[in-house]
Amino acid sequence: MVGMAEVKVTKSPDAVLMALGLGSCVGICAYDAQARVAGLAHVVLPESIGQENSPGKFADTAVPFLLQEMRNLGASPIRIRVALAGGAQLFAASGGSRLEIGLRNAAAVTAALKQHNIAVVATDLGGTVGRTVQLNASGLVRVKTIGQGERELAVLGSQGASVPKPPVAPTEQAEGARSRILSTPGASRI
Amino acid sequence: MSITMQQLNADCLDALREVGNIGAGNAMTALATMVDHRVDMSVPQVGVVSLGEFTQMAGGPEAPAVGVYMPVTGDAPGHVAFLLSEESACRLTDELLGRELGTTTDLGEIERSALTEVGNIMASSYLVAICELTGLNLYSSPPALAVDMTAAILSTIAAAFASFDDQALTVTTRIQEGRGKVDGFFIFVPESGSLSAILRALQMEG
Numbered sequence: 001m002v003g004m005a006e007v008k009v010t011k012s013p014d015a016v017l018m019a020l021g022l023g024s025c026v027g028i029c030a031y032d033a034q035a036r037v038a039g040l041a042h043v044v045l046p047e048s049i050g051q052e053n054s055p056g057k058f059a060d061t062a063v064p065f066l067l068q069e070m071r072n073l074g075a076s077p078i079r080i081r082v083a084l085a086g087g088a089q090l091f092a093a094s095g096g097s098r099l100e101i102g103l104r105n106a107a108a109v110t111a112a113l114k115q116h117n118i119a120v121v122a123t124d125l126g127g128t129v130g131r132t133v134q135l136n137a138s139g140l141v142r143v144k145t146i147g148q149g150e151r152e153l154a155v156l157g158s159q160g161a162s163v164p165k166p167p168v169a170p171t172e173q174a175e176g177a178r179s180r181i182l183s184t185p186g187a188s189r190i
Numbered sequence: 001m002s003i004t005m006q007q008l009n010a011d012c013l014d015a016l017r018e019v020g021n022i023g024a025g026n027a028m029t030a031l032a033t034m035v036d037h038r039v040d041m042s043v044p045q046v047g048v049v050s051l052g053e054f055t056q057m058a059g060g061p062e063a064p065a066v067g068v069y070m071p072v073t074g075d076a077p078g079h080v081a082f083l084l085s086e087e088s089a090c091r092l093t094d095e096l097l098g099r100e101l102g103t104t105t106d107l108g109e110i111e112r113s114a115l116t117e118v119g120n121i122m123a124s125s126y127l128v129a130i131c132e133l134t135g136l137n138l139y140s141s142p143p144a145l146a147v148d149m150t151a152a153i154l155s156t157i158a159a160a161f162a163s164f165d166d167q168a169l170t171v172t173t174r175i176q177e178g179r180g181k182v183d184g185f186f187i188f189v190p191e192s193g194s195l196s197a198i199l200r201a202l203q204m205e206g
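Chains E and R, in that order, are what the protein sequence lines are. Here the first sequence stands for residues 1 to 190, numbered as in the working numbering. Here the second sequence stands for residues 1 to 206, numbered as in the working numbering.
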């Protein structure tokens, strides 16, 4: 279980990393298929603005922290593949901008990964529904929502087989209906 | 002077419990008037919880729930939320809309609108009672409603105060109407800087 603002990494072959009920938060599922190192970060906010006490909480600090933790277990950033889920806007408007950070989180995580040259393989971001995301030790990423049940989002590290395709920009998903499934299977280097 | 969560002594916790008691009591009275039924509430729980614990406070993390959230501004900024299981929300809707119990199974636009309004009235009643008790000026903002997993709702609310705090002081009151037909939680989260304002107003701090 990866709670809000937590980052967990594992090399255990039967471990399952899971973030329950992501609302505006973004779950970063990262996997190095060769080293068999899995990591999950549960990002709450887009920018740390210099705060260092809780690196897992902010997109800009969680990404380097997650990568370092995975490196410590033998992963190499060049082999790490990532799938993203979360960043929804649960509350119907009028709650004020403080509740609309889902999209900002999604954009900030995407930007931070790009800055570190990490490949994003699949995304399920934005929209208006909460998600539970889990990553198992073989790189399988599953997403569960209340409306749509559970489904496979990606298998991270199935190298070579997939066709590069750019991830959908989070902003395009802002008005995603409940039933829309937003993902782009296929590896891409960004 | 602002006080940290760790400095809260038993007297302060008692004072905050009383704040929760009076606020929730007023909200319950409002609800009882609307549904024309007796509503019971528990003694408020006051505690400091981590962000991770916050999402586990009410019911199972993946259980479907309805949350009405209202940001509080003024002398002591904070957050007020009213959380119901989806089942309870359907029953409450039946009562509010004068339907036979068990009629509502899906929360459409009318049902959501009714629940938002109830949440609005209850959260406002809660705040009014706190204002009267403390003499502080607190203002409610328009409420927002979400229907989703409990943890998703709570974590989204938590994100509103998580920017500077890794933990939250929460005043939680469980409410039950009609012998458990409607079961919900009222959650008040004063921001860390607001604690001293509330306690000072209650003359807990020089």
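These are computed hints drawn from the structure, not numbers from a lab. It cannot be assumed that every hint is accurate.
Said to hold, decoys possible - Chain E is faced by these chain R residues, among others (derived, beta-carbon under 7 Å):
no. : residue
1   : 25
2   : 146
3   : 152
To be verified - Heads up, incomplete: computed chain E residues facing chain R, CB under 7 Å, no partners named:
no. : residue
4   : 45
5   : 90
6   : 101
7   : 103
8   : 117
9   : 146
10  : 149
Predicted, not measured: the structure shown is a model, and the values here were computed from it. Just so you know, even glycine gets a beta-carbon here, dropped at the ideal spot from N, CA and C.
Go through the hint on residue 101 of chain E and say holds or violated, using the shortest Cβ distance to chain R against 7 Å.
6 Å, holds
Min Cβ distance, residue 45 of chain E to chain R: is it shorter than 7 Å?
6 Å, holds
Using Cβ atoms only, decide whether residue 149 of chain E comes closer than 7 Å to chain R, and label the hint accordingly.
12 Å, violated
Answer holds if the nearest beta-carbon of chain E is closer than 7 Å to that of residue 146 of chain R; otherwise answer violated.
4 Å, holds
Does residue 152 of chain R hold up as a contact with chain E if the rule is Cβ-Cβ below 7 Å?
2 Å, holds
Does residue 146 of chain E hold up as a contact with chain R if the rule is Cβ-Cβ below 7 Å?
5 Å, holds
Is the shortest C-beta separation between residue 25 of chain R and chain E less than 7 Å?
Violated - the Cβ of residue 25 of chain R stays beyond 7 Å from chain E, reaching only about 26 Å at its closest.
For the restraint on residue 103 of chain E, tell me whether the closest CB of chain R is nearer than 7 Å.
At about 12 Å, which exceeds the 7 Å cut-off, the nearest Cβ of chain R leaves the hint on residue 103 of chain E violated.
Using 7 Å as the Cβ threshold, decide whether residue 117 of chain E counts as touching chain R.
With a closest approach of 28 Å, the residue 117 of chain E hint is violated.
Have a go at the residue 90 of chain E hint: is there a Cβ in chain R nearer than 7 Å to its own Cβ?
OK, holds: residue 90 of chain E within 7 Å of chain R, min 4 Å.
Going through the hint list in order, the structure does not satisfy hints 1, 7, 8 and 10.
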